[in-house]
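**Student:** Please model the complete structure; the sequences and the hints are all you need to start from.
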Amino acid sequence: MQHICGALRVVSMAARSNLRVALPLAILLGASAVSANPELSFSSYAQVYGYIYTSYSSPLLGDVSFQLNLPADYRGLQAGQTSTGVASINYSVPAGNGGTGDPIYDIVTSNGQYGFAYQGKAEADGLKLRTAIQVSTVDAGANLANSPNSNLSAYAYASWSQQMYIAPTADRPLGSYGAILVGLTVDGSFPGLSDPNWSSSASLTARAHSSFTDTAGVSYQSDFYVNAAAGDPDWSGSRTVFKKLLFQYGTPFSIDLYQYNTAWSNGTADFFNTGKISSIELPYGASLDSGAQQDGLGGVSIFGTVFNSATVDAQNTNWDFGNNGGGFTPQVPEPSSYAMLLAGLVAVGFLARRRR
1 MQHICGALRV
11 VSMAARSNLR
21 VALPLAILLG
31 ASAVSANPEL
41 SFSSYAQVYG
51 YIYTSYSSPL
61 LGDVSFQLNL
71 PADYRGLQAG
81 QTSTGVASIN
91 YSVPAGNGGT
101 GDPIYDIVTS
111 NGQYGFAYQG
121 KAEADGLKLR
131 TAIQVSTVDA
141 GANLANSPNS
151 NLSAYAYASW
161 SQQMYIAPTA
171 DRPLGSYGAI
181 LVGLTVDGSF
191 PGLSDPNWSS
201 SASLTARAHS
211 SFTDTAGVSY
221 QSDFYVNAAA
231 GDPDWSGSRT
241 VFKKLLFQYG
251 TPFSIDLYQY
261 NTAWSNGTAD
271 FFNTGKISSI
281 ELPYGASLDS
291 GAQQDGLGGV
301 SIFGTVFNSA
311 TVDAQNTNWD
321 FGNNGGGFTP
331 QVPEPSSYAM
341 LLAGLVAVGF
351 LARRRR
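Residues in the sequence shown are numbered consecutively from 1, following the UniProt record's numbering.
Hints listed in this document are in silico derivations from the structure and should not be mistaken for laboratory results.
Predicted, not measured: the structure shown is a model, and the values here were computed from it.
Incorrect hints may appear among the rest.
Stated by the list, open to error - Between beta-carbon pairs, the in silico distance windows are:
hint : residue 1 : residue 2 : range
1    : Ser199    : Gly237    : 38 to 48 angstroms
2    : Tyr56     : Gly299    : 54 to 64 angstroms
3    : Gly192    : Tyr53     : 47 to 57 angstroms
4    : Asp102    : Thr240    : 27 to 37 angstroms
5    : Ser236    : Tyr56     : 40 to 50 angstroms
6    : Ser199    : Gly299    : 16 to 26 angstroms
7    : Gly231    : Gly99     : 48 to 58 angstroms
8    : Pro191    : Pro94     : 17 to 27 angstroms
9    : Gly141    : Asn273    : 26 to 36 angstroms
10   : Gly296    : Tyr74     : 42 to 52 angstroms
11   : Gly99     : Asp195    : 46 to 56 angstroms
12   : Asn69     : Asn143    : 25 to 35 angstroms
13   : Thr240    : Pro94     : 33 to 43 angstroms
Backbone N, C-alpha and C define an ideal beta-carbon position, used for all residues, glycine too.
**Tutor:** Put into structure tokens, the structure is as follows:
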């Protein structure tokens, strides 16, 4: 009996010894699991496409209308790449071929009196969106014209979508709500047409949109736009708009950005320079992770100027549904703020090296 008790005591002491070793390891592993950011997605695509809308009256058929889908090009981001590649189209329906036995051609072109052409390109290069489109309607003499029966419209579209994540901070616990102040910048022009007597018909639309479902199962969305059009006297070639986008601490949220140009009849838009997020103001003490960063597109600087609010209760980064999520222009960080941010980044890099 004493041998059995002694053996039990030995086993018990060994178990306690192993437990003392295992517990700190489990705690460390548990802390690592809690502190690790979730896996975040990223995708992007670009496309160019166009249509001809035709409406006419016939003694035989009556009122007829239909749409022709013109050739299109689509490019999606492939694994290991940072750009979608350039989607591009150069397509025309020439004038002057009426009466050759193609009834659809005769209807669309008014028996060859009018021709149509469109050229476009689009690319999502990392987080930079580029689009350009040009359309023309001409008569049989190659002069700009308006067709009585048919109207050409074309589009160049680029977009990316990704998840982002902001972990709880010392001041904002898991499940609380906040906002990031995003600056969206577009840069481009509406070139004049070959005939200065004609006005260009073209436009730009860019949108930033956020969405998430919180831990209670409630879905939230917030978004804002940048718009411009040919002939707009207020368009100077570039525009930046600032708005709040909402999120929940500790819950991944989606950010989608798209830019597209539209042109119709006779119009040109060239925004192939870039549309991008040019700045993000984060809440005080917060850090940002994103699908683009995890996919190797770069550090947080891929979002332009990224900085933290100076105070916990800063208006720019607190939850607010007023004015579609707010519309506040961020203050430029003082040099001391940049120095603190840089020091933080250096510290993070040092810790990362020590962990490796």
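**Student:** Would you mind marking each hint as holding or not holding in the structure?
**Tutor:** Results for each hint:
Taking 38 to 48 angstroms as the suggested C-beta distance range, the pair Ser199 and Gly237 does not conform, at roughly 18 angstroms. At about 57 angstroms, the CB distance of Tyr56 to Gly299 agrees with the hint of 54 to 64 angstroms. A C-beta distance of roughly 25 angstroms is found between Gly192 and Tyr53, which places it outside the suggested range of 47 to 57 angstroms. Range check, Asp102 to Thr240: about 49 angstroms between beta-carbon atoms, so the 27 to 37 angstroms window is missed.
Between Ser236 and Tyr56, the C-beta spacing of about 41 angstroms keeps the proposed range 40 to 50 angstroms intact. Between Ser199 and Gly299, the C-beta spacing of about 44 angstroms breaks the proposed range 16 to 26 angstroms. Gly231 and Gly99 have their C-beta atoms about 38 angstroms apart, which leaves the hinted 48 to 58 angstroms range violated. Here the CB-CB span from Pro191 to Pro94 is close to 23 angstroms, well matched to the stated 17 to 27 angstroms.
For the pair Gly141 and Asn273, the supplied restraint of 26 to 36 angstroms holds, since their beta-carbon distance comes to about 35 angstroms. In this structure the supplied range 42 to 52 angstroms is violated for Gly296 paired with Tyr74, their Cβ-Cβ distance being about 24 angstroms. Taken as a hint, the range 46 to 56 angstroms is violated for the pair Gly99 and Asp195, whose Cβ atoms sit roughly 28 angstroms apart. For Asn69 paired with Asn143, a C-beta distance near 27 angstroms keeps the hint of 25 to 35 angstroms intact.
A beta carbon spacing of about 42 angstroms between Thr240 and Pro94 agrees with the range 33 to 43 angstroms that was offered as a hint.
Hints 1, 3, 4, 6, 7, 10 and 11 from the earlier list are contradicted by this structure; the remaining hints agree with it.
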